[in-house]
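Protein sequence lines correspond, in order, to chains A and B. Heads up: the first sequence at position 285 corresponds to 285 in my numbering, and the numbers run straight through without jumps. Heads up: the second sequence at position 257 corresponds to 257 in my numbering, and the numbers run straight through without jumps.
Honestly, I wouldn't trust all of these hints.
Copies of the same chain look alike in the list, so a pair counts if it fits in one copy or across any two.
[Stated by the list, open to error] Derived DSS-like pairs (lysine-lysine); straight-line CA-CA distance at most 30 Å:
| id | residue 1 | residue 2 |
| --- | --- | --- |
| 1 | Lys225 | Lys120 |
| 2 | Lys116 | Lys259 |
| 3 | Lys116 | Lys21 |
| 4 | Lys225 | Lys147 |
| 5 | Lys21 | Lys120 |
| 6 | Lys232 | Lys158 |
| 7 | Lys158 | Lys120 |
By construction, these hints were calculated from the structure, which means they are not laboratory data.
Protein chains: 2
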Amino acid sequence: MSACTLAGLGEDALVRRLMNKVPSNADVLTGAGDDCAVVKSLGKGWLQLLKTDCVVEDVHFTRGTRPQRVGWKALARAVSDIASMGGTPDHALVTLLAPPERRVADMVQLYAGLRKCARKFSINIIGGETSQSPVFAVVISLTGRVKAAHCVRRDGAKAGDVIFVTGWLGGSRRGHHLDFVPRIAEGQWLAANFKPHAMMDLSDGLAKDLPRMAQASDVGFVIQKGSLPRNKNCTAEQAWSDGEDHELLMAVSPRMSGKLESAWLGRFRSTRLTRIGCFVPKGRGCAPSFTAKSWEHFAS
Amino acid sequence: MSACTLAGLGEDALVRRLMNKVPSNADVLTGAGDDCAVVKSLGKGWLQLLKTDCVVEDVHFTRGTRPQRVGWKALARAVSDIASMGGTPDHALVTLLAPPERRVADMVQLYAGLRKCARKFSINIIGGETSQSPVFAVVISLTGRVKAAHCVRRDGAKAGDVIFVTGWLGGSRRGHHLDFVPRIAEGQWLAANFKPHAMMDLSDGLAKDLPRMAQASDVGFVIQKGSLPRNKNCTAEQAWSDGEDHELLMAVSPRMSGKLESAWLGRFRSTRLTRIGCFVPKGRGCAPSFTAKSWEHFAS
């Protein structure tokens with residue numbers, strides 16, 4: 001593939017290229033490259049989180065998917081990014097791109113899914129935009145807030161930190177990618193009580209997202225393959241690379257890790273928290289050896 | 001056309017249908033139906049403005065358009081909506097949908113246009129999202145702020161108010177729709193010094209947008225056809241219905257209107273302000289008679 005095309009360059013490199021030299025002032029604490037942007041808009045002691053995300057037919061969901069599930073997924077993806085910073089979602093705007101011949105009933109159903117997710121997380125749907133388009137896609141803009149002292153980014157992992165993930169991984173294409181529940185309560189509790197050094201949500205899968213956290217934090221990592229929490233009928237390799245789990249990935253100091261595990265059991269009985277490895281100095285990492293291919297871009 | 005499809009139902013009716021029963025709490029002062037949503041997120045005395053808008057290839061721009069101009073237009077459209085509330089834009093997120101075979105150079109050029117517009121209006125570009133898609137589209141999310149005392153909505157026009165528009169109207173497809181300059185300075189000055197009863201930006205043209213303001217304000221209107229400020233080589237009908245002018249439309253009390261016209265001349269020498277008619281009690285309006293057809297949905 002030619003690096004002249006978007007497919008050839010790849011998403012991470014494209015974003016780096018495009019975000020080069022964009023205007024940004026001192027109100028912007030975190031711009032592109034983390035789960036949400038973080039800005040100093042709110043009152044003293046609070047930060048605002050801003051996120052945009054999209055789902056496109058035949059890319060993020062198949063043509064026959066019930067529109068209600070598409071609506072849930074569209075909003076839940078953005079909510080999960082707010083969760084990964086330890087935040088609380090506030091206001092959502094919805095941009096709807098759809099072919100003119102599309103059924104109104106489908107859009108009404110889509111909104112039923114959006115409303116269901118919004119109600120669960122006390123989000124206001126405050127407006128949006130509709131446009132005709134040859135493809136059906138939903139773009140969400142979501143604001144959130146987090147106490148400045150609780151805001152967790154992805155770039156603070158330190159060598160020696162323990163790597164934890166919430167929930168179970170792998171096999172999300174069987175349906176989980178359409179009905180996952182963002183880890184808002186867990187993210188807020190973690191940020192308020194154990195302030196992880198780094199946290200992010202697993203949208204593209206451990207195989208892509210863990211190297212992103214390591215690179216942002218300038219460290220390497222070691223994973224215990226056998227420890228990966230696998231969904232039913234999933235291999236460790238699927239847990240490693242399937243993606244769209246929308247679980248939380250975090251780095252916790254070894255001193256706090258035992259205490260966290262005990263406290264977690266008392267607080268979240270139905271959601272697992274699993275120790276899957278640790279961060280190490282840059283250059284000393286060791287990637288799991290499922291598929292050399294999926295790995296080559298990300299050697300740490 | 002069947003009302004079962006999006007084309008049959010039309011955009012305004014679709015938005016009303018979809019926004020029915022969406023969750024919204026007391027922090028939301030204005031939801032769907034105005035140029036921006038208005039929320040109480042910021043410190044005392046200030047309101048936050050939230051806007052999303054999109055441009056889609058072959059809908060909002062043609063395939064051969066220079067990507068730099070597409071970038072300018074994408075962001076400027078949202079800036080114009082902030083202007084219409086009397087606000088100041090702050091932070092932009094960019095969602096880029098594009099076919100994988102698209103050239104990276106085109107996206108770099110698109111961002112040059114986005115950056116140019118962002119710099120002109122001191123906007124931070126703080127991140128976004130990219131996804132493959134069969135169609136090329138750019139979705140902008142933009143935050144802004146306005147002093148609570150200066151925030152102007154579209155629903156406050158009163159019978160007797162004078163109707164003003166900024167600039168010249170019509171013929172935007174010749175190029176103006178790609179390089180218009182949002183009326184930020186004008187909107188802020190108007191809101192701070194003459195607080196119009198209602199204001200909005202002309203994105204779909206007077207023929208569609210003026211009835212929207214009248215309907216939101218529960219009044220009718222009378223237009224003096226001959227007074228419409230026409231762009232060069234445009235008929236009054238084009239000034240009335242072409243759209244994408246992105247000028248400001250406003251309702252000003254008759255008592256203030258003369259004073260406004262004098263003050264405007266001293267402040268904005270190169271931008272015209274034109275009195276085009278007045279609002280009247282509901283049911284007493286009289287639509288200009290260019291084309292009965294374009295008018296039928298909007299009798300006031």
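Give me the numbers of the hints this structure contradicts, sorted from smallest to largest.
-> 1, 2, 4, 6, 7
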